[in-house]
Amino acid sequence: MIRFDDVSVRYEGAGRPTLSGVDLTVPEGELVLLVGPSGVGKSTLLGAVSGLVPHFTGGTLTGRVTVDGRDTRTHKPRELADLVGTVGQDPLAHFVTDTVEDELAYGMESLGLAPDVMRRRVEETLDLLGLAGLRDRPIATLSGGQQQRVAIGSVLTPHPRVLVLDEPTSALDPAAAEEVLAVLQRLVHDLGTTVLMAEHRLERVVQYADQVVLLPSPGAAPVMGTPADVMAVSPVHPPVVALGRLADWEPLPLSVRDARRRAAGLRDRLADVAPGAVDGDAPRSAMPEAPLPPPRPTTPEAPLPPPRTAPRRGALARLFGRTPQAVPAPETAPGGTPAARVERLGVRRGRVEALRRVTLTVRAGEAVALMGRNGAGKSTLLGALVGMVEPTSGTVLTGGLPPHRTPPREMVRRVGLVPQEPRDLLYADTVAAECAAADADAGAEPGSCRALVSELLPGVADDTHPRDLSEGQRLALALALVLTARPPLLLLDEPTRGLDYAAKARLVGVLRALAAEGHAIVLATHDVELAAELAHRVVILADGEVVADGPTAEVVVSSPAFAPQTAKILAPQEWLTVSQVRAALGGGA
Amino acid sequence: MTGPTAGRTDTATHRLPAWRAPAATRSNALPAGAWWLWALGLATAASRTTNPLLLGLLVGVAGYVVAARRTDAPWAKSYGMFIRIGLFVIAVRLLFSVFLGSPIPGTHTLFTLPEVPLPDWAKGVRIGGRVTAEQLLFALYDGAKLAALLICVGAANSLANPARLLKSLPGALYEAGVAVVVAMTFAPNMVADVLRLRTARRLRGRPTGGVRAVLQIGLPVLEGALERSVAVAASMDARGYGRTARVPAAVRHTTNVLTLGGLLGVCAGTYGLLAAEGAGYGMPLLAAGLLAAMAGLRLGGARSVRTRYRPDRWEVRAWLVAGSGAAVAAAMIWAQNADPAALQPGFVPLTAPVLPLWPAAAVLLGLLPAVVAPVPPSPTGFEEQV
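Residue numbers (this note's numbering), protein chains in the order written: chain A, 1 to 589; chain B, 1001 to 1386.
Chain A extracted, bound-state conformation (with noise of 0.2 angstroms):
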């Protein structure tokens, strides 16, 4: 259906061509899953089939690409819009009208159908993908799953053979994401629609792929195969694929079912270990997860905590060294100052209750997910703690004062917070000048926030241009900037929305080295995964209220919705990660 034939793609000023040498054979009816690390060239590959790349976005392109036999060379994306289907990352960025079923027709309008086939096949694509109920409404006012929902439904109607999808589900909290992948099931198996799509939450799409197309690096020629087979080699892999490495489970699993049938061995002999490993410091314990695990003899499985004074320099480039790297229980003892504390909070949006009688306590040293799906107020909640929403009744006191109230100069020194589009903080025209901003801001000595980002981000010049950093590391600069003011308190909103493996063992490692120091951490993420390895308490909000509060393996191991992949196949055990399980394989062998 689509075919690559020897393709490159060079950018206008890019050293080196984004793509070479794509040979690739897409077959009808199939669902192909797109991986690779950031920056490998996933989004140009794809723009590639909807021929926006290069007619869209420049560059220039060799070899032939086509679809259905129409070569992208000589047909623009226009004279493709009846064949090839195109979802973009960001839904609000793909919507031409303002609602729903105007939205759903847009498409046939511009391919000219008939006015009764718009009617019909709006109805049954309302149908298809749960809209009915939203069919008059702005899309505006919908919530991410449901313009997921929309957009995919928008691109469905002029019934096109192939569905072209960049990261459907990254933005999505688990259930939506649920919601949206079952769709597109549905299509390829009822419909034989062609789909290929890119994702980095591999755990969430993995086991629905036919095929999985694997670009591992920049430049480098893709492989094709069986998920199984790619998946084995793969840079990026999702748990249970690790744990299937660990376990030489053969052919490797890659859905939780497939994993539990296989883990009863497994899981006799964790189940000797299990009892004296976790003893509620283990789950922490865990090493930050390299993106090519190599066996690594391990530490001692009882970690010693190193020293509470080490120096900030010292951790962070260890950290950046990737050296495995203990860090201890935060003091549980309640005699700790509180960082911030939360009494029955309420925050009314007009008639919307935002927020309804929220009463948290989070202490130095302590990292907190706060979880719940797409609008249940975890970034309201960021917001009152830092002073950007006012409270409407109930106490915030963060660093002891009140957020809303205090200056702003004062509470940079108290909280920081990056926020869930890092760019919203970068005004400055070089990373150079950011960092001298930020240090007057902070009232920090010249050169404290350089020396950061230097550590943060190894490698970056100074006369770079905030807009060419690739999504880690511009939250990698932001998080610099929050940090020069040393706030005792971090926050941080959805931090790894795009980002893949290695940024994300990254950014665990860097906020475990806080977290160390004393800092207090607070991060609202829909990522399971990121907040079984890294977060000692988890706290989740549904329409505003807290419905569960406490250590992370109790939490997320009794819930199907937050439950990490691993803590799925080892349940009843409380397992949390794969490098938890690693270490306690090597230290029981």
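To be clear, the hints were calculated from the coordinates, so they are not data collected in a lab.
Note that beta-carbon positions come from the ideal geometry of N, C-alpha and C, so glycine has one too.
One or more hints might be untrue.
To be verified - If you want the footprint, here are the derived chain B segments under chain A, 3+ residues with CB under 8 angstroms:
(1) 1194-1208
(2) 1296-1309
Stated by the list, open to error - Listed below are the simulated SDA-like cross-link pairs for lysine to any residue, each with C-alpha atoms no more than 20 angstroms apart in a straight line:
(3) A:Lys-76 <-> B:Val-1232
(4) A:Lys-76 <-> B:Arg-1243
(5) B:Lys-1077 <-> B:Pro-1349
Since the structure of chain A is already known, use the hints to place chain B on it.
Relative to chain A, chain B alone:
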């Protein structure tokens, strides 16, 4: 609702007669054009009178219909804004009258402002001086007329969906219409960006208000808007925007000639109408130009392969709404000829305006949409019994 429940509520509630307005859905939605014709009818009526009682009645009629039939869409909230603009217009008109004087003769001096002496060449201009009750009354009437016009336009603006209005443009203008629709969805996005970036400044320890804040976030906001527009353009292209049908060269040339010739005709005709001489050929030229331009647009539409999804249909209720506006306008024009004194109450000498009975009754015809137009779902969730 499932079967038995639906059946029970059907018999339990009193049965509405068939002529009562149904609940609004996409199928029976009034065309945006009908609302605009209704509002323009009211505005025409307002432009024919300075009687404050009639003007007040017109504004009241428009306001009642808006209150009864507006949705909770964002544009529906603009009505209050238009009322404020109307009041502002009246205030400005009065202030000008007080400070710049007025040629209206009057005997009831209210107060006298110190007059600024002006040089000879500024003859006819006066700053300060005597302020009479007559001149204020005249300014008030005049301002009220303008305000009523604005409020009528505001009513149409809050009742009609602007995107739908643009969708009813002829095919050849469709692409321009899409550009406007996209621009309209951009403005709120940019406002949201500004708010978000302003609060994000707090995270860097900077004050969120002030001129500096606006200057510093200006560039990121523009960059964001630009990026979004490029993304939307890519999405539109990939979804088939701008696909054209092949048309014979002869048709293309005819289209160009008709459109250009038509526009020239319109220009020349308008000049003829406005210039002192040439009223004879102005009107026919204008009409011929308009015809040619319309034919050109229609032919140009053949190039576009687009079809329309569920276009708004002009049905009985739409004609009633548009017709009620036209009726008000027609009645007021007739009344202006029949009884000019009642529509233009005198201010020299000062007299209290009286409410002319028949024009007032005619204005009440404008309330018809509040009865016949489909009822939108109430924003508060309560079913209204209208």
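Hints versus structure:
Coverage of a stretch by a chain is defined here by at least three residues with a beta carbon nearer than 8 angstroms to that chain's beta carbons; for the segment 1194-1208 of chain B and chain A the count is 12, and the condition holds. With a threshold of 8 angstroms between beta carbons, the proposed coverage of the segment 1296-1309 of chain B by chain A holds, since 5 of its residues qualify and at least three are required. Restraint check for A:Lys-76 and B:Val-1232: the C-alpha separation of about 16 angstroms stays at or below 20 angstroms, so the hint holds. At roughly 10 angstroms between alpha-carbon atoms, A:Lys-76 and B:Arg-1243 fall within 20 angstroms of each other, so this suggested pair holds.
Using a Cα cut-off of 20 angstroms, the hinted pair B:Lys-1077 and B:Pro-1349 is violated, with the two alpha carbons roughly 42 angstroms apart.
Checked against the numbered hints given earlier, this structure breaks only hint 5.
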